[in-house]
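K.L.:
Chains as they are written, first to last, in our numbering: chain W, 835 to 1645; chain R, 2 to 464.
Worth double-checking, as some hints may not be accurate.
[Claimed, not checked] FRET-style restraints, in silico, Cβ to Cβ:
1) L1575(W) <-> N253(R): 46 to 56 Å
2) Q1048(W) <-> D448(R): 49 to 59 Å
3) R1544(W) <-> E332(R): 21 to 31 Å
4) D234(R) <-> T1426(W): 52 to 62 Å
5) A1249(W) <-> N253(R): 18 to 28 Å
6) P1518(W) <-> G347(R): 13 to 23 Å
7) K428(R) <-> D1525(W): 37 to 47 Å
8) P1131(W) <-> H159(R): 30 to 40 Å
9) P1518(W) <-> K428(R): 42 to 52 Å
10) P1131(W) <-> R154(R): 51 to 61 Å
11) D89(R) <-> W1543(W): 35 to 45 Å
The hints are simulated quantities; they were obtained by calculation from the structure and are not laboratory data. Just so you know, even glycine gets a beta-carbon here, dropped at the ideal spot from N, CA and C.
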Amino acid sequence: MTTFAPPSHRIVRTTGIALGVIRIAIGLIGISAVGLVAAAADSTKLMSTTELNSFVNQYCVDCHRGDQAEASFDLAAFDASLADAAAQRWDTAHWELILKRLVSRQMPPVDADRPSEGEYDRAIEYLSWALDENSTRFPDPGNVETIRRLTRAEYQNSIRDLLHVDVDVTAWLPADESSHGFDNITVGTLSPTLLNRYITAAENISRIAMGGRQRSPGGTTIRIPADRTQEKHVEGLPLGTRGGAVVHEHFAQTGEYDLQLRLARDRDEKVEGLHEPTTIDVLVDRKRVHRFSVKAPRNEAEHSGIDSHLIVRLPISAGPHEIGVTFPNESSSLLEQRRQPFDAAYNRHRHPRRTPAVFEVSIAGPFDPQGPGETPSRRAIFGDDDFDGVDETEAARRILRRLARLAYRRPIDDADLLTPMKFFAASSEAEGLEAGIEAALASILVNPNFLLRIERDAEGIKPGKVHAVGEIDLASRLSYFLWSSQPDAVLLDLAEAGKLRMPGVLEDQVRRMLEDERSQSLVTNFAAQWLYLRNLDSVTPDLRLFPDFDDNLRQAFRRETELLFGEVMRNDLSVLTLLQCDHTYLNDRLATHYEIPHVQGSHFRRVALDPSTHRGGILRHGSILTVTSYATRTSPTIRGNWILHNVLGTPPPPPPPNVPALGDKADFEKMTVRERLAVHRSNPACASCHDLIDPVGFALDNFDALGRWRELDDGLAIDVSGNLPDGQPLAGVDDLESSLLKRPEMFVGTMVEKLMTFALGRGMTPADGPAIRRVVRHAATNEYRFSSLINAIVMSEPFQMRVSGNPGSSP
Amino acid sequence: MSDRSNQRGRCLNSGHRLNGTPRALSRRTLLRGAGAALSLPLLDAMLPAMTATANTAANPTKLRRLGYVYMPMGFNPKEWIPANDTLDTVPSSLSSLEQVKQQVTVITGLDLQNAYPGSHATSNAAFLSAARAKRTESSDYFLGTTVDQIAARKIGLHTQLPSLELSMDLLTTVGQCDNGYACVYQNNLAWSSPTTPLPSEAHPRIVFESLFGEGGSIADRRQAIERRASLLDSVTQEMKRLAKDLGANDRNRLNEYFESIREVERRIQLAEANVDENPLPDLDRPVGVPASYAEHAQLMFDLQLLAFQGDITRVVSFQLAREASTRTYPEIGVPEPHHPTTHHGGNPEKMAKIAKINQFHVSLFAEFLAKMAATEEAGGTLLDHSLYLYGSGMGDPDAHDHTNLPILVAGGAAGKMRGGRHLVFDKPTPLANLHLTLLNKVGVPLDSFADSDGEVQELFEAV
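Turn these sequences into a full structure, and let the hints steer you where they fit.
P.N.:
What follows is the structure, given as structure tokens:
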């Protein structure tokens, strides 16, 4: 494990006490405790306002003045003395922008007259101090919308935690649109289509969870991705097998189920790779329950029906099961090949399958259903209550009260039970207790109290007042941040008892929640969006240029990054480990791709790395390098842009509307990407941003569009020279990493911004600047450990407070 | 299931028209071009006798449907714009329209002023709204009600679904929307109000279920509808309770919710009213999404045809791909990603590839038009009674330009649409004019729409 010494930092003045101060402030909210923070900063050593004014005059105003101001950012009227007038609230947007540009050394531009490092530091110090001061005097926690619909991921997880049933809700619910990089921002609307789908989902989920009867046997079909190579062992299947797949399926009822397989065919409808007789094993929960034999077709006509007998009826008990289908290895002798095989094999014309593969698995049933059995979901529904001598209605009332409390994430009153009990009464009268509970459950799952997260203002508070979020709502903020799911009973108990803000309780809860499995959502939901891992699914590199790409590699890419992020989170490492680290996670597929020897087998394991492997931090991960490339080539622009957005936190301004014409570009095709981009940047309209973007991306050009290391591109030596937006020269990925680590607060600040955007479900504004910097400072004193970021965010004003009244209108 | 596999790989013929009262249609008569191999279980047991609603349509001889197909990232005009005002010879991008060109008009010279400053987000957003998108990445997005939704409020009033929103991109992506604009602008064609983008569906199975439900006997289906109705009732009750609790601040939002609830209520009532007359067989639902783009798009077009045929909806919008999509089309010789290719800089190779993509997209539409034209219904064919607008919100994609848009209008014989022609506007004319014309033609009278300054009267024979 790499560890990092606490880096030297220049803007940390209130280190060590910042968090404590926030805590006190929250404790005293409503009594105006904010003055306390002011005392923490020692203002006597700061730059004077006159000095700052002359700094701005000397270095900024030349270009940023009047109607012709660069980037329409006019600083002619800038007056630092605003900050001196302590009682005055002023618009900090300009100040925040100046600060950001100074910290990143992006301004003044490289070719202009620039301050000395000492001057930079003094100006930064002053600006941060003044902005922090202002925010403590005039807190602005920003507005989290009062009503927010659960996202699809939140819905899925809430169902999992409420009912202990893992269903794929993407079968019913549409995806959410994203904004500010996350899909939990624009979640206000509830269209008729969506409402309709919620009803369908509620009916299905309540039936599956209860093990209710279906009118007729149902079925699901799982297709294996067409570009999945099935020549090797698959994780989760027995050793000595190859190919196939593992399918997780929840069976509502005990009974007999038909399992049917179809084999992969090429575009002429011939079964691929079926050159000799073969066998296929069917496994339920890793135990073999059936073996099929398949003949090799003797002629073309035999192909069509050759797998039609691959159907078997199996007794399966209710509940979640793991269904495996795979090919036992016939022999271990190596296949002889005339040429070196590709790593991928799924396409007849490029790299044919040498052995047959599963195309789809269908499961239909139950036939002869035997009842709902004993399943985790039924245990979750019925709970541990002793219902001896309790009448049905009373039992139902108790069950539904417990479920509704979790589902609505708040205490339940009698009025809340009217609707579920009405459904219970109607259905139980006609069809019995089980049907009654199922119907009542469905009514809970379509209830707006479940589907919508609602934050209420404190009772009797005037509009526009900053106040602490109620503890019940705070519990939801916490759980949807750390788990992307509802609060559990522990959290709700604390909130209902008003104990969540007692000393040490929140820290304890954050620790408990991060240790809990459910925090995996920070990897699969937060990091997957932040780092664009979600885009891997839609990546399809050009088959001709990259014949080695297949779905196996795509999934391996994702796992590597998820595992590293997961390690940082679970082992509470410095988040800088993400940028630079001496190990990674590999399986044989990914190791082959990276040309790292001695990694055998389909499972992922931690692998210590030698620098010669060129692997380590996320900037060297195939996942990120691939999602920032085009199907045919690398794109320094996309990669540079990705780094500016997600690592440096200095996103370039939006591209100019109406792309300017580039003039005569007849020779374009003959140029390298670097040359083409240089032509592009010769246009001043493009250069203003692309001078910042492209040179960062060049530093990664030793990695091809699939993240493989290369020294040459098309026979030409790769030129990886570039520079950071601050003008620092870079000669490749090593330089890029060490430059980023020289100013860790930039990366950490970006990560904090992303985490807070995700945590609050809103974009960050200039008013959030001080809160973000406080979190970064706190983390700096804790070696940037993952939990220190999370803790400080949870304690931050934007997370703890809200403004009463209408969202959208500032106080 | 074994049934399904036996069907696989059969070649289906099309070509003969269906006569008389619609009966349960066999897919082989209807849905495939000759020789196209098909592995779509959807179509096996598929076509119910969709008699009732189809025949009770108020006036079957009139135009009564509107469809919109969005093609992203503009065109290569050289391979699109016909040389004169006929379609006697058409450039390569439109060549697939040959069979149906008497029912197609190419329009050149339309623009979307409200899509400026030029971007991908606004191309998509303005296409059906002709409105200016408020620049924001937060939930305060604001556009305009789109034409399909204006139509749906009138001609969609009595169908089970007032409108159908379809698309092709199943996967969500991050970081690929225009900087400064919430993704809703780039992804949603249809907006039922300036603040309500409607989600579209790309999964054939889900579309299928929203059209035909989950099947079963009449009694089963009636029961299922009743269950849904009572669940919806409970949503109304509980939403009212919530509204009381929340007070005035969130009234607008809640009013939107209540509107949605009423709309779903209406759909359920219509489904209930039709349940006896629409004896759906136990349907096989589509399993997955076809791996090839063309097959997926064909299936999405087939679903539109089925929806029209059963009169389940009369308004459709369909996005063939998102703006700024980096989808590759190796099957037609374009292995390069679409978006960077469209920044062609005048490069002839890239221009040729744009034309190929245009041609590919248009060919899918042309195939659909042919099927519509081959499907009879009382008083003519499906195509005769439908108007389709096909096009892009971008003209020259290299410049993110919104003038000189590629636009086709198809169908509409029942409204005397004059096909086989190329209409050219010498000076830039708002696309909104065409929107207005089409709306008026299908019986949604409006005086103006967005930035319209007239109508495209030339499209139809004078009444």
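K.L.:
In this structure, is the beta-carbon distance linking P1131(W) and H159(R) contained in 30 to 40 Å?
P.N.:
violated (54 Å)
K.L.:
For the range 46 to 56 Å, tell me whether the beta carbons of L1575(W) and N253(R) fit it or not.
P.N.:
With a Cβ separation near 48 Å, L1575(W) and N253(R) satisfy 46 to 56 Å, so the hint holds.
K.L.:
Taking 18 to 28 Å as the stated bounds, is the beta-carbon spacing between A1249(W) and N253(R) within them?
P.N.:
holds (25 Å)
K.L.:
Go ahead and decide if the range 52 to 62 Å is satisfied by the Cβ distance of D234(R) to T1426(W).
P.N.:
Given a distance of about 59 Å, which is inside 52 to 62 Å, the answer is holds.
K.L.:
Take the C-beta atom of P1131(W) and the C-beta atom of R154(R), compute their distance, and say whether it sits inside 51 to 61 Å.
P.N.:
holds (57 Å)
K.L.:
Could you see if the CB distance from R1544(W) to E332(R) stays within 21 to 31 Å?
P.N.:
holds (28 Å)
K.L.:
Do the Cβ positions of P1518(W) and K428(R) conform to the proposed distance bound of 42 to 52 Å?
P.N.:
violated (32 Å)
K.L.:
Is it true that P1518(W) and G347(R) lie within 13 to 23 Å of each other by Cβ?
P.N.:
holds (20 Å)
K.L.:
Take the C-beta atom of D89(R) and the C-beta atom of W1543(W), compute their distance, and say whether it sits inside 35 to 45 Å.
P.N.:
violated (57 Å)
K.L.:
Starting from the hint 49 to 59 Å, judge whether the C-beta atoms of Q1048(W) and D448(R) obey it.
P.N.:
Cβ of Q1048(W) to Cβ of D448(R): about 53 Å, so the range 49 to 59 Å holds.
K.L.:
For K428(R) and D1525(W), compare the CB-CB distance with the range 37 to 47 Å and indicate the outcome.
P.N.:
holds (39 Å)
Going through the hint list in order, the structure does not satisfy hints 8, 9 and 11.
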